[in-house]
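Keeping their order, the protein sequence lines are chains U and B. Okay, so the first sequence: first residue is 1 according to the working numbering, each after it adds one. Okay, so the second sequence: first residue is 1 according to the working numbering, each after it adds one.
Some hints could be false.
[What the hints assert, rightly or not] Only pairs whose alpha carbons sit at most 30 Å apart, straight line, appear in this in silico DSBU-like list of lysine-lysine:
1) U:156 with B:87
2) U:240 with U:224
3) U:224 with U:310
4) U:115 with U:69
5) B:87 with U:224
6) B:87 with U:117
7) U:151 with U:238
8) U:224 with U:238
9) U:156 with U:69
Derived by calculation from the structure, the hints in this document are not laboratory data.
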Amino acid sequence: MRLTILIAEDSPVDRMLLSTIIARQGHHVLTAGDGLEAVALYERERPQLVLMDALMPLMDGFEAARRIKSLAGDELVPIIFLTSLSENQALVRCLEAGGDDFIVKPYNPVILEAKIKAMHRLRRLQATVVEQRDLIARRNQQLLDEQRAAKAIFDKVAHAGCLGAPNIRYRQSPRALFNGDLLLAAQSPTGQMFVLLGDFTGHGLPAAIGAMPLAETFYGMTAKGYAAKDILRELNAKLKQILPVEMFCCATLLDINLTQGVLNVWNGGLPDGYLIRPDGERVALVSRHLPLGVLAPGAFDAHFESHPLKLGDRLLLLSDGVVESSNARDELFGEQRLLAVLDANHDAKRLFDEIEEALLAFHGQLRDDLSLVEVDLSEKMAALQLPLSFGAPKEGRPADWSGRFELRAASLRAGNPLPLLLQVLLQVHQLRPRAGAVYAVLVELYSNALEHGVLGLDSALKRDAAGFARYYEARSERLAALVDGYIRLELDIQCDAAGGRLRIGIQDSGAGFDVERALGEARGVECLRGRGLQLIRQLSDGFAWQADGRGLSVEFRWSAQA
Amino acid sequence: MTITSQPSADGRELTIAISGRFDFNAHQAFRDAYQRQDVTPERYVVDLQGATYLDSSALGMLLLLRDHAGGDEADVRLLNCNADVRKILSVSNFEQLFVIA
Chain U
1 MRLTILIAED SPVDRMLLST IIARQGHHVL TAGDGLEAVA LYERERPQLV
51 LMDALMPLMD GFEAARRIKS LAGDELVPII FLTSLSENQA LVRCLEAGGD
101 DFIVKPYNPV ILEAKIKAMH RLRRLQATVV EQRDLIARRN QQLLDEQRAA
151 KAIFDKVAHA GCLGAPNIRY RQSPRALFNG DLLLAAQSPT GQMFVLLGDF
201 TGHGLPAAIG AMPLAETFYG MTAKGYAAKD ILRELNAKLK QILPVEMFCC
251 ATLLDINLTQ GVLNVWNGGL PDGYLIRPDG ERVALVSRHL PLGVLAPGAF
301 DAHFESHPLK LGDRLLLLSD GVVESSNARD ELFGEQRLLA VLDANHDAKR
351 LFDEIEEALL AFHGQLRDDL SLVEVDLSEK MAALQLPLSF GAPKEGRPAD
401 WSGRFELRAA SLRAGNPLPL LLQVLLQVHQ LRPRAGAVYA VLVELYSNAL
451 EHGVLGLDSA LKRDAAGFAR YYEARSERLA ALVDGYIRLE LDIQCDAAGG
501 RLRIGIQDSG AGFDVERALG EARGVECLRG RGLQLIRQLS DGFAWQADGR
551 GLSVEFRWSA QA
Chain B
1 MTITSQPSAD GRELTIAISG RFDFNAHQAF RDAYQRQDVT PERYVVDLQG
51 ATYLDSSALG MLLLLRDHAG GDEADVRLLN CNADVRKILS VSNFEQLFVI
101 A
C-alpha cells in the first residue's frame with residue numbers, strides 16, 4: 001500500500017519530522033506550508049490522504065479541509081488533523097470541517113501508521129460503494145432503455161388491433177408490460193370484437209416475453225376469422241408450451257357480437273368483470289377457469305358463458321391490481337370499494353372516470369400496476385376492413401374454379417372450418433376488399449345451417465336472458481351428441497374480362513324452413529334467424545333460396561378494374 | 001413469513017406450514033421445504049393456517065410443488081385456508097388442481 005500523502009503544516013520542523021516518518025513508512029510525500037498551498041497542491045496532484053495542521057497562515061486547516069472535501073466530490077480523501085489543540089471544542093471543529101480523524105502532537109509513528117491504514121480502508125470502502133452505485137445506475141439506465149425499446153416493439157404488435165377504437169377506454173401504465181399486464185383488442189372479419197385482458201404471474205422480462213406470442217397469436221388468428229374458442233385454446237397451448245411451471249397468465253377474453261346480440265365470456269383467474277346495462281344492472285363476469293398456461297391442451301376447458309347483449313350496454317374489465325392494491329396504510333382497495341363506486345354511478349359515461357378518481361383518492365397517487373378497460377356499446381361498431389397482409393398474390397389472376405365441401409357430424413363437432421375456406425377464397429384477389437362481408441355471410445350461412453338446420457334449434461328461445469342461456473347450452477349439448485347430419489358448401493368462382501362472381505351455395509340436413517316468412521319476421525319481433533338472413537341480403541349482391549328452405553345461395557359480383 | 005416442513009411419523013406425508021405473507025420472498029424457503037433430501041413423501045399438505053395473504057407468485061409456487069409431487073397424479077392438499085386466501089385460490093380455480101379445505 002503506497003499512498004500519496006499531502007502534509008500541510010506551517011512549522012518547517014514539524015513538516016520535516018512528519019515527512020520523514022511518512023516517507024519511511026513507504027508513502028510518497030507532498031508538502032505545503034499553508035492552507036492555500038495545500039488546496040492548490042491537492043488540485044494538481046490529487047493525493048489520496050491529507051495530514052492537515054489546524055492553525056496555519058493565509059488559510060487555516062479548517063477552510064482548506066472544506067475546500068478539499070468539496071473538490072474531492074464522491075471520492076473519499078481522508079483528512080487527518082494534526083493538532084496540539086486539546087480542548088474538546090477545537091477537536092469537534094476539526095471533524096465538523098470535514099476532518100475524518102485527528103492526531104495529537106507529539107506524533108507517535110505507530111499510531112500514525114495505524115490511522116493511515118484505517119483511513120485507507122475507509123477510502124477503499126467508499127470507492128467500492130461509489131463504483132457499485134455508478135454501476136447500478138448505469139445498469140438501471142440500460143435496463144430502462146432496453147425496456148423502452150422492447151415496449152416500442154411490443155406496442156407495434158399489441159396495437160395491431162383496435163385498441164384505439166373510439167368505444168374502448170383503458171388505463172394501463174407505460175410500465176404495464178413489465179408488470180405482466182396485457183391488453184389486446186381486435187375486430188374479427190365478421191365484425192365481432194375480441195378483447196383480451198391478461199395478467200402474467202411475475203414481473204419484468206419473463207412476463208413481457210410471454211406476452212409477445214400471446215399477442216401475435218391473438219391478432220393473427222382473429223384476423224383469419226377463427227372463433228374465440230379456437231383462439232383461446234391456441235393461446236393456452238402456446239403458453240403451456242413456453243412458460244415454466246410456476247408461470248401462468250390470468251385472463252379474460254370477451255367475444256362481443258352485437259350483430260347477434262351475444263356476449264361470450266371466458267374468465268380464468270381475473271377478478272370479476274362486469275356487463276353493465278343502461279339501467280345500471282350488473283352481470284358479473286366471473287372467473288370459472290384456471291388461468292392460461294396451467295392445463296395441458298387436452299384438459300383445457302374453453303367453455304364460454306353467453307349473455308345477451310344490447311346497444312347501450314357497457315363492459316368493464318380489471319386486473320387484480322385494482323382490487324388488490326393497497327395504500328400507504330396497508331389497506332386493500334378491495335372489491336367492496338369498487339362495487340360502491342359502481343353502485344354510486346348515475347351517468348354511465350362517467351363511470352370510468354369515477355373509478356379512476358376513487359383509485360387516485362385511495363392511493364394518493366397514480367399506480368402503475370393496475371389495468372382497467374371499458375368497452376362502450378352505445379353505438380354500433382364500424383365494420384373493419386380486413387388487413388391485406390396475409391400473403392396472397394398482389395395481382396389479380398384469372399380464376400375459374402369450384403369446390404364442394406361436405407362437413408359431416410364429426411367435423412361439425414370439431415369446430416369451425418370457415419377460416420380455412422376464407423383463406424382459399426382470399427386467393428382470389430378481387431374478393432379481398434370485400435373479405436369482411438364475404439366472411440360475415442359465410443358465418444351467417446354456416447351458423448344458420450348448423451344451429452337451425454342440423455341441430456334444429458329454435459331462435460325464438462333467445463327472447464330473454466334465461467332462454468338465451470338455454471339456447472347456447474342446448475347448442476353445445478346437441479352438437480356434442482351429433483351423430484348424423486351434414487352441411488354442404490359449394491364455392492364457385494368465375495372470372496372473365498368484364499369481371500367475375502363468387503357463388504356460395506349451402507345446404508343442410510335439417511328440416512328446412514320458410515325463408516320468406518323468416519325474412520318478413522325480421523322486421524317485426526326479434527327474430528334472430530331473420531336478422532341473419534337480412535344481413536346476408538344486405539352484404540351480398542344476390543340471395544336466392546330453394547323452396548323447401550334447405551338450400552340457400554348467395555352471390556358476390558365484381559367488375560374488372562379499369 | 002416463516003416456512004417449516006414436518007414429515008409424518010411414517011414419512012409418507014410431508015406437511016409444509018406457512019405463516020405470514022406467502023409471496024415471492026418465500027420462493028427459496030418454499031422450494032427448500034419440499035425438496036428435502038431426507039424424505040420421499042407420497043402426499044403433501046400445505047398448512048395455510050398462519051398465512052395471511054397469497055400473491056400470484058405463491059400460486060406459481062404451489063404449481064411447482066404440484067409438478068414436483070407428480071403433476072396430474074400429485075396428491076397435494078391445501079389446509080386451513082382463511083377466507084381471503086380461499087378467495088384468491090378460488091378466483092384462479094385452483095380447486096381443480098388441489099384439494100382445498
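Tested hints:
Using a Cα cut-off of 30 Å, the hinted pair residue 156 of chain U and residue 87 of chain B is violated, with the two alpha carbons roughly 36 Å apart. Proximity of residue 240 of chain U to residue 224 of chain U is assessed by CA-CA distance (about 23 Å); at most 30 Å being required, the pair is judged to hold. Our distance criterion of 30 Å between C-alpha atoms is met by residue 224 of chain U and residue 310 of chain U, whose separation comes to about 26 Å. At most 30 Å may separate the alpha-carbon atoms for a hinted pair to count; residue 115 of chain U and residue 69 of chain U meet this at roughly 19 Å.
Restraint check for residue 87 of chain B and residue 224 of chain U: the C-alpha separation of about 38 Å exceeds 30 Å, so the hint is violated. Restraint check for residue 87 of chain B and residue 117 of chain U: not satisfied, since their Cα atoms lie roughly 61 Å apart, outside the 30 Å limit. For a cut-off of 30 Å, the pair hint linking residue 151 of chain U to residue 238 of chain U stands: about 21 Å separates their Cα positions. Under the criterion of a C-alpha separation no larger than 30 Å, the hint pairing residue 224 of chain U with residue 238 of chain U is consistent with the structure, at around 18 Å.
The suggested pairing of residue 156 of chain U with residue 69 of chain U is violated, with an alpha-carbon distance near 51 Å, which exceeds 30 Å.
Going through the hint list in order, the structure does not satisfy hints 1, 5, 6, 9.
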